[in-house]
Amino acid sequence: MGASSTDFQSDQILTWKKIILYTGLFLSILIGLIMILNFEKLQEKTLWIFHRNDLSRTFHRIGVESFSDYSLLLNNKIDVTTKKLYAFLPNEPYIVVNTTGNYFKLFNGKQELIREGLVSTGSYTVLKAGKNRQWIFKTPRGQLKVLAKTKDPVWKRPDWAFIEEGLKVPSYNHPSRYEYGTLGDYSLSLGDGYLIHGTLYKRFLGLPVTHGCIRMGDEDLELVFKTLKRGSKVYIY
Amino acid sequence: MAHEDSDESKRFSSNKDQNHLKLFFKWFVAHRKIQFSFLLMVGILPLFLLIYGVLIPVSIFKPIPYNKTEVNDTISSVLTKPNKEQVKKLYEIIAKEKKLNLQRNRLKLAQQDSIYLLLNLADSNIILEVKGLPIRTARILDFETSKRLVVADHEDLLQWISDPFSLKQELSTILKIPILVVDAPKDTAEAARLPRKPLEPEKTVVHYTLWFDRGLVLEVNQAEDVNPEDEGLLHSYHKKYDSIFHRTILAKMIDPLPDDLPIKVKVTLSEADARAIYRAIPHSQNAKLIFTP
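Top to bottom, those sequences are chains Z and P. This note's numbering puts the first sequence at residues 1 to 237. This note's numbering puts the second sequence at residues 1 to 293.
Treat the hints as calculated values from the structure; they're not laboratory data. A couple of the hints might just be wrong.
[Unchecked claim] These stretches of chain P come out as covered by chain Z in the derived footprint (C-beta under 8 Å, 3 or more residues):
1) 46–53
2) 120–131
3) 178–191
4) 251–263
Glycine included, each C-beta is placed from N, C-alpha and C at the ideal position.
Construct the complete structure from the given sequences, taking the supplied hints into account.
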């Protein structure tokens with residue numbers, strides 16, 4: 001009876017030892033895996049132990065005696081670079097057009113905002129006519145210039161304007177190409193057929209619906225037309 | 001009666017289990033060697049990983065490993081340390097050097113025609129600029145940067161930011177160009193049935209990540225809450241994002257801290273700012289970023 005009880009106890013202890021061994025191994029592997037998966041986070045958290053923002057190299061480069069001289073030199077260099085940068089900035093009125101939000105900001109020569117409002121810009125529609133002809137209706141981005149200004153502009157409809165409506169394309173100077181009043185009272189040419197002009201579809205201002213031109217409301221267009229000159233900069237993004 | 005029997009046997013077996021458990025813990029508490037062996041077993045692998053995968057690699061790692069010139073660490077370790085007054089002046093000089101670097105980079109990019117991006121964490125803003133003229137300034141509502149930028153030596157940092165960064169890769173929840181392709185109609189009746197773009201401003205969630213050269217990764221998230229209908233889109237974005245940054249356990253074990261580990265900067269902007277900036281920056285390679293930490 002006594003012997004069997006001792007056997008039972010030693011069996012039990014052996015089982016417990018096995019449980020401890022397996023639990024220990026399981027926990028060890030589990031913690032290890034979690035650590036490996038989070039190596040980057042642990043490495044970031046321990047960076048400060050070995051690396052400090054030590055200024056001695058900068059201190060050594062500049063030299064203790066030349067602190068104020070170097071500071072003055074830096075001021076001078078910043079001024080010179082800033083002046084060079086100013087040469088790129090417009091000293092005449094300019095306009096900035098946002099094609100994502102479809103609005104404009106008009107600035108005077110001192111870079112002060114004088115007017116902002118809604119516009120319509122390119123719809124990013126691609127019109128495909130057969131295999132060889134296609135047009136993408138997008139507003140060009142970057143820095144452009146006002147190349148020409150026209151009062152009471154007449155729109156000479158390009159080929160896509162007919163193709164888009166399922167109409168036959170007329171000859172180059174056919175009267176049906178000319179539309180009066182569609183572009184509003186004024187237009188400013190940006191080159192390559194892109195214009196800033198007025199619109200009959202004022203409810204679409206603030207939306208990307210055009211064939212690449214920038215459409216404006218009447219009052220905004222009048223101010224823009226009167227403020228910008230030939231050569232004025234147009235920034236589109 | 002049978003039901004009562006089964007309840008009784010369950011109670012008995014539960015009491016037996018509790019006794020076993022009590023005995024086990026009594027035995028465990030009484031044996032110091034067993035406790036020590038258990039802790040050793042649990043701790044040995046994590047300890048090894050901590051030393052092999054974290055402490056050793058971090059100790060020899062350079063927070064900014066993209067320098068043109070090698071620095072002699074032995075020399076730098078014996079350099080004289082500045083005193084408090086000198087440190088104050090040094091910080092003023094560092095600010096000026098960063099400003100000069102910013103202006104020089106702006107001047108470099110102003111000579112090109114492309115729109116570029118200025119990320120200025122010191123002023124908490126992102127600026128879209130063309131030809132030196134800021135055309136949109138977006139306020140950074142929140143940001144988080146890699147600690148490497150905090151602990152990095154100014155000398156290394158200045159070299160790292162000395163040139164504009166070039167975009168290498170991008171991932172976004174929104175299209176760069178939301179194009180709609182339509183075939184030309186055959187007649188006016190077909191023209192009337194042509195698909196049109198929806199006449200309302202876009203509302204989809206804006207999250208994107210831009211990978212630049214020299215390890216810089218800029219993550220931009222919108223501040224506004226995500227619409228429930230956009231959650232699927234965001235989920236698939238995160239899945240792609242994770243797959244790009246994912247390293248296998250084996251790769252992590254072989255090289256726990258690679259030199260080309262990205263230096264991440266995460267910023268939160270308003271939805272309108274985030275969208276406008278993403279759409280405005282040119283396609284990869286041509287897109288440049290000037291970074292001032």
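What are the numbers of the hints the structure violates, in ascending order? none
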